[in-house]
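**Student:** Sequence:
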Amino acid sequence: MKVSIDYVSKLDKPFFQYSGLTSRSLFGTSMRLSRSAFASPGIVFKPNSISTASPIISVSNMTSRTRSERHIQALSDFLGEYHKSLSNYDLDCHNEHSSSNHSEKPCYFDIELLGKCSKPPYGYTKPLQPCVLIKFNKRFDWTPEYYNHSSTLPQSMPTRLKKAIHESRKSNVWLSCDGANNVDKDHIGEIEYIPSPGFPIQFFPFTGQSGYLSPVVALKFKNLTPNILVTVECQLWAFNIEQRSRNALDFQIIIG
Numbered sequence: 036m037k038v039s040i041d042y043v044s045k046l047d048k049p050f051f052q053y054s055g056l057t058s059r060s061l062f063g064t065s066m067r068l069s070r071s072a073f074a075s076p077g078i079v080f081k082p083n084s085i086s087t088a089s090p091i092i093s094v095s096n097m098t099s100r101t102r103s104e105r106h107i108q109a110l111s112d113f114l115g116e117y118h119k120s121l122s123n124y125d126l127d128c129h130n131e132h133s134s135s136n137h138s139e140k141p142c143y144f145d146i147e148l149l150g151k152c153s154k155p156p157y158g159y160t161k162p163l164q165p166c167v168l169i170k171f172n173k174r175f176d177w178t179p180e181y182y183n184h185s186s187t188l189p190q191s192m193p194t195r196l197k198k199a200i201h202e203s204r205k206s207n208v209w210l211s212c213d214g215a216n217n218v219d220k221d222h223i224g225e226i227e228y229i230p231s232p233g234f235p236i237q238f239f240p241f242t243g244q245s246g247y248l249s250p251v252v253a254l255k256f257k258n259l260t261p262n263i264l265v266t267v268e269c270q271l272w273a274f275n276i277e278q279r280s281r282n283a284l285d286f287q288i289i290i291g
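Sequential numbering from 36 applies to the sequence shown in the working numbering.
Mixed in with the good hints, there may be bad ones.
Derived DSBU-like pairs (lysine-lysine); straight-line CA-CA distance at most 30 Å [to be verified]:
#: 1; residue 1: Lys170; residue 2: Lys198
#: 2; residue 1: Lys220; residue 2: Lys205
#: 3; residue 1: Lys151; residue 2: Lys205
#: 4; residue 1: Lys220; residue 2: Lys119
#: 5; residue 1: Lys140; residue 2: Lys161
#: 6; residue 1: Lys154; residue 2: Lys119
#: 7; residue 1: Lys161; residue 2: Lys151
#: 8; residue 1: Lys198; residue 2: Lys81
#: 9; residue 1: Lys170; residue 2: Lys255
#: 10; residue 1: Lys205; residue 2: Lys161
#: 11; residue 1: Lys257; residue 2: Lys140
#: 12; residue 1: Lys170; residue 2: Lys257
#: 13; residue 1: Lys257; residue 2: Lys198
#: 14; residue 1: Lys198; residue 2: Lys140
#: 15; residue 1: Lys151; residue 2: Lys170
#: 16; residue 1: Lys81; residue 2: Lys151
#: 17; residue 1: Lys119; residue 2: Lys140
#: 18; residue 1: Lys119; residue 2: Lys198
None of these hints come from the bench; they were simulated from the model.
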């Protein structure tokens with residue numbers, strides 16, 4: 036487990052990020068991959084400025100657009116990795132309700148599914164409705180045991196997600212995001228999940244396929260309270276994700 040702690044300028048609250056991510060370079064080596072080393076799935080968010088001085092997503096209505104432009108460029112760079120030759124991918128996998136191990140080709144993730152969150156300015160200009168992209172990390176040989184519309188769902192699962200699952204016929208690793216505490220919940224506003232609050236099981240398992248594309252869900256923050264720093268907590272939901280592993284990601288966002 037890796038935990039990084041950074042402090043935001045002029046704020047005394049630390050930003051915590053959990054990541055079970057193993058270095059991507061590992062998959063380019065010949066070392067043996069064990070199932071136990073990749074037991075817990077995880078997610079990351081974009082744009083992530085953890086490598087810069089401020090590890091929060093900060094968007095301003097002020098005339099200076101440098102910060103917004105940086106986020107826009109970061110998202111464009113990330114999505115640029117998804118522009119691939121279609122001949123290398125299974126284009127029919129989304130029409131099936133089984134995992135993609137039936138095909139030698141990895142499932143193709145079409146970023147057009149992310150709607151307005153697939154192209155600039157990604158909600159980072161007026162009216163401010165910023166998109167945050169949530170990417171599922173590669174987890175070697177991990178196959179989800181997913182909840183569906185007929186499953187008995189955990190009591191701790193958010194009511195809105197329960198409703199979405201019961202009304203859906205999709206097979207997903209489900210995602211829920213909300214404010215980390217009551218104050219955050221009061222100011223987070225509405226979150227739209229695009230295309231849906233989950234990662235299709237057709238992208239699992241990852242077994243080292245060349246050109247594999249991790250699935251992405253876009254969070255569109257539609258009415259954040261201005262000038263309030265909000266901590267967002269995201270959880271993953273599947274039968275084989277233990278309760279202690281569900282809190283997969285925290286990040287902070289503020290608009291001004």
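**Student:** If a hint holds in the structure, say so; if it doesn't, say that too.
**Tutor:** Results for each hint:
no., hint, verdict
1, Lys170 x Lys198, "23 Å, holds"
2, Lys220 x Lys205, "27 Å, holds"
3, Lys151 x Lys205, "22 Å, holds"
4, Lys220 x Lys119, "38 Å, violated"
5, Lys140 x Lys161, "41 Å, violated"
6, Lys154 x Lys119, "16 Å, holds"
7, Lys161 x Lys151, "14 Å, holds"
8, Lys198 x Lys81, "27 Å, holds"
9, Lys170 x Lys255, "14 Å, holds"
10, Lys205 x Lys161, "34 Å, violated"
11, Lys257 x Lys140, "37 Å, violated"
12, Lys170 x Lys257, "20 Å, holds"
13, Lys257 x Lys198, "20 Å, holds"
14, Lys198 x Lys140, "33 Å, violated"
15, Lys151 x Lys170, "17 Å, holds"
16, Lys81 x Lys151, "15 Å, holds"
17, Lys119 x Lys140, "13 Å, holds"
18, Lys119 x Lys198, "35 Å, violated"
Hint compliance for this structure: hints 4, 5, 10, 11, 14, 18 are not met, and every other hint is.
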